[in-house]
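Visitor: Working from the sequences, and respecting the hints, build out all of it.
The lines below spell out each chain.
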Amino acid sequence: MPDWVRVRRESFGLLFYDTRSTRLTFVRSGDNLGSPPFTGPRRVLRVCPLDEGRGPAVSRLLRNLAAKGLIVAAEP
Amino acid sequence: MLPSLSNTRLRAPVNVTWEITETCNLRCTHCLAAELWAQRRGELDLGQCRALIDELARMEVFQVNFGGGEPFLRDDFLDILRYAHSRGITTCVSTNGTVLNDALVDELLRMAPVYLQVSLDGAHVETNDVIRGRGTFTRIIAGIELLSERAYPDFSLNMVVTRLNVGEIADFDRLARHYGAKTRLSRFRPSGAGCGTWKDYRLTRDQLLELSAFLGAHPEILTGDSFFALTPDSRRELGLNMCGAAKMTCAVAPDGSVYPCAFLCHRDFLAGNVTAEPLSAIFRYSPVLERFRELEVETCRACDRFAVCHGGCPAVARFLTQSMGLPDPECLRTAVSAKEVA
Numbered sequence: 001m002p003d004w005v006r007v008r009r010e011s012f013g014l015l016f017y018d019t020r021s022t023r024l025t026f027v028r029s030g031d032n033l034g035s036p037p038f039t040g041p042r043r044v045l046r047v048c049p050l051d052e053g054r055g056p057a058v059s060r061l062l063r064n065l066a067a068k069g070l071i072v073a074a075e076p
Numbered sequence: 001m002l003p004s005l006s007n008t009r010l011r012a013p014v015n016v017t018w019e020i021t022e023t024c025n026l027r028c029t030h031c032l033a034a035e036l037w038a039q040r041r042g043e044l045d046l047g048q049c050r051a052l053i054d055e056l057a058r059m060e061v062f063q064v065n066f067g068g069g070e071p072f073l074r075d076d077f078l079d080i081l082r083y084a085h086s087r088g089i090t091t092c093v094s095t096n097g098t099v100l101n102d103a104l105v106d107e108l109l110r111m112a113p114v115y116l117q118v119s120l121d122g123a124h125v126e127t128n129d130v131i132r133g134r135g136t137f138t139r140i141i142a143g144i145e146l147l148s149e150r151a152y153p154d155f156s157l158n159m160v161v162t163r164l165n166v167g168e169i170a171d172f173d174r175l176a177r178h179y180g181a182k183t184r185l186s187r188f189r190p191s192g193a194g195c196g197t198w199k200d201y202r203l204t205r206d207q208l209l210e211l212s213a214f215l216g217a218h219p220e221i222l223t224g225d226s227f228f229a230l231t232p233d234s235r236r237e238l239g240l241n242m243c244g245a246a247k248m249t250c251a252v253a254p255d256g257s258v259y260p261c262a263f264l265c266h267r268d269f270l271a272g273n274v275t276a277e278p279l280s281a282i283f284r285y286s287p288v289l290e291r292f293r294e295l296e297v298e299t300c301r302a303c304d305r306f307a308v309c310h311g312g313c314p315a316v317a318r319f320l321t322q323s324m325g326l327p328d329p330e331c332l333r334t335a336v337s338a339k340e341v342a
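Read top to bottom, the protein sequences are chains A and B. For the first sequence, the positions run 1 to 76 when the numbering used here is used. For the second sequence, the positions run 1 to 342 when the numbering used here is used.
Wrong hints could be hidden among the right ones.
[What the hints assert, rightly or not] Covered stretches of chain B (chain A as the covering partner; in silico rule of three or more C-beta atoms under 8 angstroms from a C-beta of chain A): (1) 10–16; (2) 55–67; (3) 78–91.
Since the hints were derived computationally from the structure, they do not count as laboratory data. Just so you know, even glycine gets a beta-carbon here, dropped at the ideal spot from N, CA and C.
Guide: Shown next as structure tokens:
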């Protein structure tokens, strides 16, 4: 997670907040993504074990989040 | 990707408006908080403020919007800002700009980004000074110049739009750009001192329509979702398009009292006090806030603009009609005519 992004878990999935723009992004991710701690170093957004067939949708979601600057790719 | 916000219940506010002090050096004729501050109910001390910030961090509240009063008149305010940043909370300060000086601006620049909203109620001295007090335009501009000279990265000039200054919006926007600031327009509401000046300051129907058209043509202008009752379709994607009180936000008064929003700091809407119970419990379980979350303006459901405003601002409806279940009286569809206002 970039330093400028906060994220928290909500009933629908994850709620992202970009501190640079104060914009919110509601992500209907269900239980597919695990939220990192609110603050602190090395915050990582984790992909939870997926049901069969959910992989492509979650990949698209991650690409969208990366395009918005809400996540950055990390080495495994 | 977007769930329907009107049907979504968040487990905590996204942002909290915190009126951190009762103290102010100005007496603005539209001040939303004038009535409350006159009661002098006291302020949270620094320890209580830190405890509330800890609670906000536990709740994972993203942003605190500090107001007052004039926040920078509180001696320990910079300590409060620093502590909020240390807990990962973004801060925005609404200031009247008259107390900004070199040392203060330099200190703010050293902190994590602090969004500053400087209040100025006209593009011209004559207009602003009628509302904010004689001599204030010059003093506010001096504060703005300090921010501009240092290329302060995140500041806006905020004007509460009234009948006195609505004709100056374009000039105001040019003034803000001149100083490297964003333009922010806020809605005038009949709250606090605004109850007394409502009749003279409220916009006529024609002015409301002109303002709506102006906002539609200028998506870059910030409104803090003030104007959703007259949001043009072209701004639909820019904001919540609904009242966020008790759903996305709530307000904390200087003494720790909690209300649905800063415009409803009235005893009828007191949800609790953070000195008596945690904010998280107040937000989740207060009957006052729950009533707000369940509020539906049924008479608006058939309107073709319902998706854009969801009935508008309950605070304006409450103060003008004594009911929150009625449509926003300044809705584009129902606004009274200029003749009726006069």
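Visitor: Okay, the region 78–91 of chain B and chain A, do three or more residues pass the C-beta test at under 8 angstroms?
Guide: Per the Cβ count (3), the hint holds.
Visitor: Are there three or more residues in the region 10–16 of chain B whose C-beta lies within less than 8 angstroms of some C-beta in chain A?
Guide: It holds, with 4 qualifying residues against the three required.
Visitor: Check, residue by residue, whether the region 55–67 of chain B contains three or more positions whose beta-carbon lies closer than 8 angstroms to a beta-carbon of chain A, and give the verdict.
Guide: holds (count 4)
This entry satisfies every hint, going by the numbered hints stated previously.
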